[in-house]
Amino acid sequence: MRLRYCLLFVFLFCVSLSASADDLIVSAAASMTDVLQEIAKHFEASHPGLNIKFNFASSGALQEQIEQGAPVDVFISAAKKQMDALQSKHLIDTTTRKNIISTDLVLITVNGNAVVHSWQDLTSSAVHNIAISDPASVPSGEYTKETLTAMGLWETLYPKFVLGENVRQTLTYVESGNVEAGVVFKPDALIAKNSLIVAVAPSTTHEPIVYSAAVVSSSSHHDLAAQFVDYLTSEEAQKIFQKYGFALPQ
Amino acid sequence: MSPLWVSAKVALVAAVLVLVLGTIAAWRLAQGKFRGKALIETFLTLPLILPPTVVGYYLLVVFGRGTAWGQWLNDFAGIRLLFTWEGAALAAAIMSFPLMVKTAAAAMESIEREYIETARTSGATEWQIFRHVYIPLSYKGILAGAVLAFARGLGEFGATLMVAGNIPGRTQTLPLALYNAVESGNDNAALLYTVILTITGFAILWGVQQYQQYLTTARAEK
Numbered sequence: 210m211r212l213r214y215c216l217l218f219v220f221l222f223c224v225s226l227s228a229s230a231d232d233l234i235v236s237a238a239a240s241m242t243d244v245l246q247e248i249a250k251h252f253e254a255s256h257p258g259l260n261i262k263f264n265f266a267s268s269g270a271l272q273e274q275i276e277q278g279a280p281v282d283v284f285i286s287a288a289k290k291q292m293d294a295l296q297s298k299h300l301i302d303t304t305t306r307k308n309i310i311s312t313d314l315v316l317i318t319v320n321g322n323a324v325v326h327s328w329q330d331l332t333s334s335a336v337h338n339i340a341i342s343d344p345a346s347v348p349s350g351e352y353t354k355e356t357l358t359a360m361g362l363w364e365t366l367y368p369k370f371v372l373g374e375n376v377r378q379t380l381t382y383v384e385s386g387n388v389e390a391g392v393v394f395k396p397d398a399l400i401a402k403n404s405l406i407v408a409v410a411p412s413t414t415h416e417p418i419v420y421s422a423a424v425v426s427s428s429s430h431h432d433l434a435a436q437f438v439d440y441l442t443s444e445e446a447q448k449i450f451q452k453y454g455f456a457l458p459q
Numbered sequence: 734m735s736p737l738w739v740s741a742k743v744a745l746v747a748a749v750l751v752l753v754l755g756t757i758a759a760w761r762l763a764q765g766k767f768r769g770k771a772l773i774e775t776f777l778t779l780p781l782i783l784p785p786t787v788v789g790y791y792l793l794v795v796f797g798r799g800t801a802w803g804q805w806l807n808d809f810a811g812i813r814l815l816f817t818w819e820g821a822a823l824a825a826a827i828m829s830f831p832l833m834v835k836t837a838a839a840a841m842e843s844i845e846r847e848y849i850e851t852a853r854t855s856g857a858t859e860w861q862i863f864r865h866v867y868i869p870l871s872y873k874g875i876l877a878g879a880v881l882a883f884a885r886g887l888g889e890f891g892a893t894l895m896v897a898g899n900i901p902g903r904t905q906t907l908p909l910a911l912y913n914a915v916e917s918g919n920d921n922a923a924l925l926y927t928v929i930l931t932i933t934g935f936a937i938l939w940g941v942q943q944y945q946q947y948l949t950t951a952r953a954e955k
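Protein sequences appear in the order of chains A and B.
So for the first sequence, the numbering used here puts the first residue at 210; every next one is plus one.
So for the second sequence, the numbering used here puts the first residue at 734; every next one is plus one.
Worth double-checking, as some hints may not be accurate.
[Said to hold, decoys possible] Derived BS3-like pairs (lysine-lysine); straight-line CA-CA distance at most 30 Å:
(1) A:298 / A:402
(2) B:742 / A:369
(3) B:835 / A:354
(4) A:369 / A:290
(5) A:369 / A:250
(6) B:835 / B:742
[To be verified] A partial selection of chain B residues facing chain A, derived with a Cβ cut-off under 7 Å:
(7) 797
(8) 798
(9) 815
(10) 816
(11) 898
(12) 900
(13) 915
Quick caveat, the hints were computed from the structure, so don't treat them as lab data.
Where a beta carbon is used, it is the ideal one built from N, C-alpha and C, also for glycine.
Construct all of the structure, not just a fragment, from the sequences and the given hints.
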């Protein structure tokens, strides 16, 4: 993480140079790249002069950055593990922590693939490579491992996995056609241009996929950041989330 | 220690590939001037200065399924190089090719022209000259080139990552494992990999340098 941390610092330093007093820096899970930019526009519209700057990466990478002291105001994680880790280190303001949305884990293949129609089809010899996110640090990878283990497929499929560093890279692997199938979150699959969803992971095979948001303790815009987190649970924001394939938090 | 095994496999196969093709290329270059020699020399040296990611990108385009050619290659001919250690070996071979060619060509160019001319006038074919004059007189340079290529292949990162991915046990070579270890805060593993790579590189360079020095003194004594 040291390299990422240095690069992030350079980026955030430049960002903070250009940031005026009313700017928020939000570190958010990669799957929210499109939906948050739209939601941010609405929030900015009701806060003239405010500019929200986003830092999208895997939740694991973002967690490490905050642990290393990255100057971030809001953290939005795709899994509990990363948020809990920060909470145990008192790096987030617990009173501001909220569950904002939930989503599904889906199996996707590239357009034109005739082999994969279900999770079981992944074991076919016509499937050489399956793109999943790295289970060690990426939420979509963690949930993939959970689901495939519950289905009894994890060990069998292990030699076929191609690991992505975040869910968007996993998606790109599938879109490129160089892997036969991949496992991503539903919103990622919905913005894909060249892939389609063939199956959804049953909710019995994994912990609920709940995204949470919180204000980072070291934030110098605590109140504004808390307002933004609250806004994410508002009806207006939730409508936009649903448009992109997210659902209400359970 | 699977990164060690993957690295050894990839670098060894790359070195063998480069040894064979590089020796032949060096031979053609050492033979003398021919039309387009400068152009070909430039192409063969290109991987030395091109960013490895550029080489990686070319390989992705050629061997991936993004083009009609690629789809034919993958699905019809069954040649699947992406996300495999073979693909990593190819990437390493391309990146280390210039090192091999330059070293071997230098050794071949230093052969006394007399020997070659004599062999030619005696009626030997170019191939016979290659086997019986070039190789015996420059095999040390050829080997040095192969060893350098092996070392370069061992350290290949950018092109490997793009073509073969970073898959533990399959294509995760030592440099990629090192990157992962640093990323996940595994300092012990990072240190181990760094030490292995540094010692190996140092030992190889030391050996080759000793040989180069021996060459210069031997030449001076002639």
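Okay, the hints, checked on the actual structure:
no. : hint          : result
1   : A:298 / A:402 : 40 Å, violated
2   : B:742 / A:369 : 19 Å, holds
3   : B:835 / A:354 : 48 Å, violated
4   : A:369 / A:290 : 26 Å, holds
5   : A:369 / A:250 : 41 Å, violated
6   : B:835 / B:742 : 24 Å, holds
7   : 797           : 5 Å, holds
8   : 798           : 4 Å, holds
9   : 815           : 5 Å, holds
10  : 816           : 5 Å, holds
11  : 898           : 5 Å, holds
12  : 900           : 6 Å, holds
13  : 915           : 6 Å, holds
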